[in-house]
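Below, each chain spelled out in residue letters.
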Amino acid sequence: MNTQAVRSNRIEDIAQGKKIEAVIHEKVLEAEPAVEVQQFSLWYGKKQALHEISMPIPRGEVTALIGPSGCGKSTLLRSVNRMNDLIDGLTIRGDIRLGGDSIFAPGVDVIELRKRMGMVFQKPNPFPMSIFENVVYPLRIDGQRDRKVLKDVCEQSLRGAALWEEVRERLPESGLGLSGGQQQRLCIARAIASDPEVLLLDEPCSALDPLATAKIEDLIDDLRGEYTVLIVTHNMQQAARISDYTAFMYLGRLIEFGVTSQIFTKPYLQETEDYVTGRFG
Amino acid sequence: MSAQSKPSEQPVEKTRGRTPNRRMMQSGYSLLARGEPLIWFTGGMLVICLLMITCLLGFILYSGLPTFWPREVQWVLLNNGTQEIGQLQTTEVDQNAVGQVSRYYRTGNFDLTGQHYRWLTSSELDGEGLSKPQWAMVVERLEHGRLYGILNQMTIATDVGEAPRRRVAEAERLKELIETIPSISAEILPQVYAALASSIDRELDAANRSLLPNLEELPGLLQVRLATETNWQLASQLAGDNVVVASRRVISSEADVFEQLDREVARTTTLRHQIEALRYQISRRDAQLSEMRAEVRRAEISANQQVALPLESAHYFLDQLELLHHRSQTLAESMELLREIAGPSDWQAAVLQAFQKYEAVELPQQVSRVQQQLVEAMEPIQKQAVVIRDAVAAYHVGYQEIVAKKRPLEMQLQELNALSTMAEVDFLVPFAPVTVAVEDADIDRLVSGTIPETLRQHLATQSILVSESTAEVTQLNGRLTWVSCTDSLGQKHVFSVAAIEGESTPSELGSNPSSRATRQVQLLQTKLVNCREIVRAFPANQLGLASKVSTYLGRWGEFLLENPREAGAEGGVFPAIWGTIVMTLIMTIAVVPFGVMAALYLREYTKSGPLVSLIRISINNLAGVPSIVYGVFGFSFFCYTIGAYVDGGAKNAGIEPWPSMLWYLALGGIVAVGTVAFLFSFLSSGPSHTQTGFKRFAARAALVLWLVTVAAVAILLLKSPFFEGFYREYLPNPTFGKGGLLWAALTLSLLTLPVVIVATEEALAAVPNSLREGSLACGASKWQTIQRIILPHSRPGILTGAILAMARGAGEVAPLMLVGALASAPDLPLDTEFPFFHGSRSFMHLGYQIYTLGFQSQNSEAAKPMVFTCTLLLILIVAALNITAIYLRSRLKRQFQGNQF
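Protein chains in written order, with my numbering: chain A, 1 to 281; chain B, 1001 to 1901.
Chain A with its partners taken away, still in its complex shape:
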């Protein structure tokens, strides 16, 4: 273990367009990966957004992606459940594996893939329907009609999203009538309703007030162990509070990836330290 962060010239190297090597801590490599990103590059048209990113995402843990705006965190997150497919002129190289299987293999059914991953977006996006229908939407599209099953799943998911007590009396009301924090938890409940393997959270608290944020953070804490959570956040404290692992990205490159406590206290790289302490970025 280094006691002093090493100053490498990675920032300048990136600026000069040189290839750089990501620093990945041994502890990360030891953990059992749920999702593996392998040499993954992505272009929006001619513009390269991700540069050969390789990182394992440990199963059952919370992994945070941090980095300045435009560094490709969200792009990486959206690549995991192939939400980027919707964008025109997208090119990829490399691979992402879920449970050892490539998600870009020709035979993969994108819809099945997405059903194995729940996703929560920056802004709460409940559907314009009742709270109940919002939660059971993933089951509805699977053709589930058994009222009992739907009810059970709804209650479980809402309990899982720590929303049950607040909305149990108003399930038939519109999901749009909830407060922002409740809406976001509703989206989380929807995301976990189909019992996914991986939860992808794209800055889930950025549109919320501190109280609501605290609730969501508690919730993420509760979800640890049950789900593999990948969270994009701009909030250093949040990353430090809730994540087990933290990856620091910069300009489409992975810079450093390690156990959260280490990243925030004794990172290997000077750049990482600069960023987490707010001296840069």
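Derived from the structure by calculation, the hints contain no laboratory data. One or more of the hints may lead you astray.
[What the hints assert, rightly or not] Cut-off 16 Å, straight-line C-alpha distance, at most; resulting in silico cross-link-like pairs (EDC-like, lysine to aspartate or glutamate):
hint	chain 1	residue 1	chain 2	residue 2
1	B	LYS1527	B	ASP1426
2	A	LYS215	A	GLU166
3	B	LYS1782	B	GLU1604
4	B	LYS1651	B	GLU1724
5	A	LYS123	B	GLU1773
6	B	LYS1406	B	ASP1286
7	B	LYS1607	A	ASP85
8	B	LYS1607	A	ASP88
9	A	LYS46	A	ASP88
10	B	LYS1864	B	GLU1566
11	A	LYS18	A	GLU52
12	A	LYS215	A	GLU203
13	B	LYS1527	B	ASP1111
14	B	LYS1782	A	ASP109
15	B	LYS1782	A	GLU112
16	B	LYS1782	A	ASP142
17	B	LYS1527	B	GLU1143
18	A	LYS266	A	ASP244
19	B	LYS1695	A	ASP88
20	A	LYS19	A	GLU52
21	A	LYS215	A	GLU165
22	B	LYS1782	A	ASP85
23	A	LYS123	A	ASP209
24	A	LYS151	A	GLU165
25	B	LYS1719	B	GLU1656
26	B	LYS1893	A	GLU173
[Stated by the list, open to error] Anything over 10 Å on all C-beta distances counts as not near chain B; from chain A, calculated:
hint	residue
27	ASN9
28	ALA31
29	GLN39
30	LYS46
31	ARG59
32	PRO68
33	VAL149
34	LEU219
35	ASP221
36	GLN237
37	THR277
What you are looking at is a predicted structure, and each value in this text was computed from that prediction instead of being measured. C-beta: ideal position from N, C-alpha, C; glycine also.
Given the coordinates of chain A, work out where chain B should sit on it, guided by the hints.
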């Protein structure tokens, strides 16, 4: 600016660190900065817009609402001695002459004067010549528009039974006999006639007394007038042949007459409705007949088809038989020849033997074989002949049945017709140059029964040449003198002559001071109207507010619920209302699914590129194409191509069908192209990041091939040699091959398609992307996302598109002229008659009604008030349709909007 006006403040400003320049800018721009001029400007524009709309609506309301209000009837005396009667429509200040006022009268009486309206200037009007006769009536008739006149008298014909009729017949025989015997002197004749008349009168009296219970229902001032010879003929003419009429009751007090008239109009109206219902039933029977004829025709067509091949072979076998027969004849001749040219020899014997054998054995065999084949070939022909015979026989049976069913209906119709013509009423109406000066002596002569020379000359100017012998003058109530005369053509005219004698002038007729030397005789024509011709009659000048309102509402009711009369100028517009609503709804049903599908594809599936932009621009441009262009297209495409094709197959639509071999080849080609297109679309599918050059090529190729396939399928259908139409038995009368409701609705749906597509696209674009992503992230497929999230969310916007389309479609007239709207089409396109919806029927449309009334009718002045009421109605219908849709939309919106705040 204020800095300049208050220079003393400048130093203070400077000490505060503000330059005067800056302050000037502030005060100068503060107005703009606060935005007030813009508020005023924009607000002013809004006010102008609202004002224009309010003016439009107000004008239509102002012009349309009073149409049915019963205005008072004025009797106008003009300076030149003529008179007019009518309802005052408007008054305008004359621009050419100072102080002059022009009055616009609806004068009606079109059958007498040849005009419905007349402008009268104040210089034409006699100062005191305006009166409002108490019993001036407004009479709405079935034909010739309105009649304005003063109620005069009414006669009702009743059947008095056998005895008077016999007596009349006897009297006529006697009269004939007396006239043929020349030795009876002319002086005795009147006495004989009088005796005959009084004898008939006695019989009629007796008959009338037997009818007393009925007669006593009539009002007090009733006179039972006995039928003189003239009246007799008139009455029996009126009554038709079935009901023999022997008595006419004359009612004389105006109030009584009016009461009786009201009752009679109610009665004949009921009868008229019954007659209409009967006519409809009879027309249904006729339709059944034509349907049965079509059945026979259908059997014929199918028989002809089935017989074609057997007929050909039968002809072939007949030819064969002929050949064999011919051969048997030539055989005998040849044998004869052979015997002649060659002596008996071996070869001759052999040939002859062979010939004989052939004649005896082979030829009969051949003949019987061909005969057998002919019989076989004839079998299906005979079978079809039997089929046709049966069909014709069935038609005859059905024909007899229907005719038998029709007969009682027709008899009932005749009876009703007779019943409804039993009463007539006459009105005093102005008679063009009204005043004739006659000597006192002339008046005496008039009363005594001859027509004075002055009057005769006057009548001659009216092309009524009166023959003296038939003139008959009767004095009634001491003031009106009746002149009934027959002109040289045998046509009967009845005039009422009012002697104007200073103080004894009947006030309600208006008056001219009479000169001493001559008496002014005012000629009033009496206009005889049969009560069945009257739709509504009311004394406009003595209606109370309540009865005015009830008349007004009654006319609105008629307007909304009845069929039009007189080319739409009178009566109702119910078929037009119904046609407008049905057509608009069908158009909406047709256009919305198409438009929504197209918009969904454009917005959700296509990737933006030059092609999509081109399509979008084209769609937007389509919205700007003049609507008549759509009409021409609909006319030539829907009516004359698709419609004719549906009626009678390709040939009927003027398309040369392909021979069947070529058609099958083309079918095979299309299947191949479709398969390739399918293959290409399959190959091109997949997420965009895996897109390669080949995939892009495949996607484009697939699109082109799909287009080719669809077009080719359409061409293949049109070129089919196998389809011969669904309605060929009605040809050459087109069923769908002409304008009709269905084609009109489809043409208008083409017209409104861009509106729906654009509105739907906007609605789809307004669905937040986060919802799409959320749904996709849940593992929903694209179609599930569209179905469960996007469509429900954009439904209000789609409904907005539908509303716009409806509003545009309901108001469109130009295309309808070409594709099926008619000025009069009483058959409704949607009714209670199986199969309820008749897409091939022509229909009426309010917009078209407005056009025809305003510009096409012979009598557009009379129709002008109706134009505004139709406009008002059209606006109301469009508003009602829109309000329904808006209500639906707001309900949908509520569904999707939580009470977020």
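Hints, verified against the model:
1. B:LYS1527 with B:ASP1426: holds, 5 Å
2. A:LYS215 with A:GLU166: Judged against 16 Å, a Cα distance of about 13 Å means the pair holds.
3. B:LYS1782 with B:GLU1604: Roughly 9 Å between the alpha carbons, so the hint for B:LYS1782 and B:GLU1604 holds.
4. B:LYS1651 with B:GLU1724: holds, 8 Å
5. A:LYS123 with B:GLU1773: holds, 11 Å
6. B:LYS1406 with B:ASP1286: Answer holds: B:LYS1406 to B:ASP1286 is near 9 Å, not above 16 Å.
7. B:LYS1607 with A:ASP85: Status holds; Cα separation ~13 Å.
8. B:LYS1607 with A:ASP88: Judged against 16 Å, a Cα distance of about 8 Å means the pair holds.
9. A:LYS46 with A:ASP88: Given pair A:LYS46, A:ASP88 holds - Cα atoms ~12 Å apart, limit 16 Å.
10. B:LYS1864 with B:GLU1566: Satisfied, since the Cα-Cα distance of roughly 13 Å is no more than 16 Å.
11. A:LYS18 with A:GLU52: Distance ~12 Å between A:LYS18 and A:GLU52 Cα, so the pair holds.
12. A:LYS215 with A:GLU203: holds, 14 Å
13. B:LYS1527 with B:ASP1111: holds, 10 Å
14. B:LYS1782 with A:ASP109: Holds - the C-alpha atoms of A:ASP109 and B:LYS1782 are around 13 Å apart, at most 16 Å.
15. B:LYS1782 with A:GLU112: holds, 13 Å
16. B:LYS1782 with A:ASP142: holds, 13 Å
17. B:LYS1527 with B:GLU1143: holds, 14 Å
18. A:LYS266 with A:ASP244: Status holds; Cα separation ~15 Å.
19. B:LYS1695 with A:ASP88: holds, 14 Å
20. A:LYS19 with A:GLU52: Since the Cα atoms of A:LYS19 and A:GLU52 sit roughly 9 Å apart, the hinted pair holds (cutoff 16 Å).
21. A:LYS215 with A:GLU165: holds, 13 Å
22. B:LYS1782 with A:ASP85: The hint holds at about 12 Å.
23. A:LYS123 with A:ASP209: Since the Cα atoms of A:LYS123 and A:ASP209 sit roughly 12 Å apart, the hinted pair holds (cutoff 16 Å).
24. A:LYS151 with A:GLU165: With Cα atoms ~15 Å apart, A:LYS151 and A:GLU165 stay inside 16 Å; holds.
25. B:LYS1719 with B:GLU1656: Distance of about 7 Å is within 16 Å: holds.
26. B:LYS1893 with A:GLU173: Within the cut-off at roughly 15 Å; holds.
27. ASN9: Given a closest Cβ separation of 33 Å, the condition holds.
28. ALA31: Per Cβ check, A:ALA31 is outside 10 Å of chain B; nearest 26 Å; holds.
29. GLN39: Correct as stated: the minimum Cβ-Cβ distance to chain B is 15 Å, above 10 Å.
30. LYS46: holds, 14 Å
31. ARG59: Nearest chain B Cβ is 21 Å from A:ARG59, so the label holds.
32. PRO68: holds, 24 Å
33. VAL149: Answer for A:VAL149: holds, closest chain B Cβ roughly 17 Å.
34. LEU219: Answer for A:LEU219: holds, closest chain B Cβ roughly 18 Å.
35. ASP221: holds, 23 Å
36. GLN237: Check passes; 26 Å lies beyond 10 Å.
37. THR277: Given a closest Cβ separation of 34 Å, the condition holds.
Violation of the numbered hints given earlier is absent; every hint is satisfied by the structure.
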